[in-house]
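In order, the protein sequences belong to chains U and R.
First residue of the first sequence? That's 15 in the working numbering, and the numbers climb one at a time after it.
First residue of the second sequence? That's 7 in the working numbering, and the numbers climb one at a time after it.
Hint data in this document are derived by calculation from the structure and do not stem from the laboratory.
Misleading hints may appear alongside valid ones.
Unchecked claim - Derived list of chain U stretches under chain R, where covered just means 3 residues or more per stretch with a C-beta under 8 Å from a C-beta of chain R:
#	stretch
1	70-83
2	91-103
3	115-121
4	125-134
The C-beta atom is built at its ideal place from N, Cα and C for all residues, glycine as well.
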Amino acid sequence: MENEKDDTLLLVNNISVVYSDVIQVLKGVSLKVPRGQIVSLLGSNGAGKTTTLKAISGLLKPENGKVTDGEITYDGAGIQNLSPEEITRKGIIQVLEGRQPFKYLTVEENLRVGTATRPLKPYKKDLEMVYHYFPALTKRRKTMAGYCSGGEIQMVVMGRALMAHPKLLLLDEPSLGLAPLVVKEIFRIIRLINEEQHTTIVLVEQNANMALKIAHYGYVMENGRVVMEGEAKDLTENPDVKEFYLGVGAGGTARSYRDVKSYKRRKRWL
Amino acid sequence: MEFFLQLLINGLSVGLLYGLSALGFVMIFKSSSVLNFAHGQLLAIGAFFFLVLVSWLQLPVALAFLVTLAGSFVLGFTVERIFLRPLIGEPLIFVIMLTVGLSSMFKGLLLFFFGGNLQTYPDFLPASLGMQFGGITIAPVYVASSLMGVTFLVLFGLFFKYSPQGIFMRSVADNQTAALSLGVHVKKVFALSWAIAALVASMSGIVLGVINGINVHEISSIGLKVFPVVILGGLDSIGGAIIGGIIIGLLETFTSGYLSPSLRDVIPYIVLVAILLVKPYGLFGLVEIERV
Ligand SMILES: Nc1ncnc2c1ncn2[C@@H]1O[C@H](COP(=O)(O)OP(=O)(O)O)[C@@H](O)[C@H]1O
Ligand SMILES: [Mg+2]
């Protein structure tokens, strides 16, 4: 038991989340995130992945959402419903879905906002570290982020988060809408950050294929619940996951989105 | 020609002041989307506070000026904490109505303490501050106002461009959720923008008080010139606010010099309407960066 407490950085225990006091979105979600690992959270649109991340990072509050049940334990202490100011200072940083740079700030100014949890401390070394992981940003440092390409912006928002020295990094769909080669590069860097900085990572993805390649463990969410979990390699082998999230049918052919939807319908009514 | 240059210089120095005062207004708007209808009263409070220190308490001018700056900074901070903070998360229209309420409250308090008569500062600007170029004389107050305007605009420019706090403030104006996700204290940023707004407003209030005398109604209504200024410049552009201020200042002085002083307050609005017909987001409003 003691051993488990040491190894587990984040424990989400049976949480429910309600928006605007009436819209229940999460219905008893539990996750365990061991120190130093990459845990992937998979599931289709609207499954509640983003909501789960926001419950952890405290960003539900500005959206009028609330954890009404269950606990979130981080480093041995309860953090549910703390403010984002407090949670970020404990070392949990979320990279928002949909790539949200500060458009009118330069790339380097974007990175400097990442020092908000420790203002007035030196940050030059951290800038170097970010440029080391994302060399493409080096020659863009003086460019307004709004004018960068999608891949560069993804690097800016991840680099910005690294500037905060996160112990737990929450990544929300980093691959969404990026070209395949760029996706590959982004995932390579995520794995590198995990290995070299020992940053624990929760990786939300719809691209299960890529995510399970770098994750140690995975959860599949549907409709506000966790419906499946397991070691990444076991999930990759799982026939359901194969068929509906890896896009590989029983015969090895790709299945269309419509089939996934009918799967959801079947699950709901049967 | 000399007359023209004279007007140009006066217009520029008054315009800088308008720009400085508008900077405060734009900052509050950019960080929290609140239109501050009590802005004019912030100018008036600064002017009267300085009057109390200089005329009643007889403090040395420089000290009185510094105390006024510090005092208005604290006032802005406090106003945000007491009145605005509880409304964070409520619909914006409530918050804007609150600033309308604040403006009446401040005006009432000022009238209660100082009455509605015109008051003047003792003549404290040294005559040596005035300048003479050929036939053009620049009165000391215009020299002082230009110096102050330029100094503070440069200082704030550097602050926003390079200081951590300045960058955090811009990040909140840019994308509040993203700023929150990185641990930026958004509420502190709101409070700081009110504090800075009150500070620049009171500086403008003092100089306008030197130029026109101090009267609650008068200074409040001059303060409300931020509306044409910021609409002209683009509501969300700090650089635009400054240029908008200069344009309005020039228009006013040229109108009263060449046409008639009574048209002074009208022409800027006519030009404003004309410009808005062509550029609805103002001259320098941010064009949304859209990528696909
Ligand atoms: N602020 C909100 N208010 C009300 N409902 C919301 C809000 N945000 C998300 N939802 C709802 O919660 C559900 C899960 O959303 P989300 O967590 O974004 O899913 P995912 O990230 O897996 O696509 C969706 O049905 C969505 O409509
Ligand atoms: Mg999502």
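Results of checking the hints against the structure:
1. 70-83: holds (count 4)
2. 91-103: With 4 residues close enough to chain R, the hint holds.
3. 115-121: It holds, with 5 qualifying residues against the three required.
4. 125-134: holds (count 8)
When each numbered hint is compared with the structure, no violation occurs for any of them.
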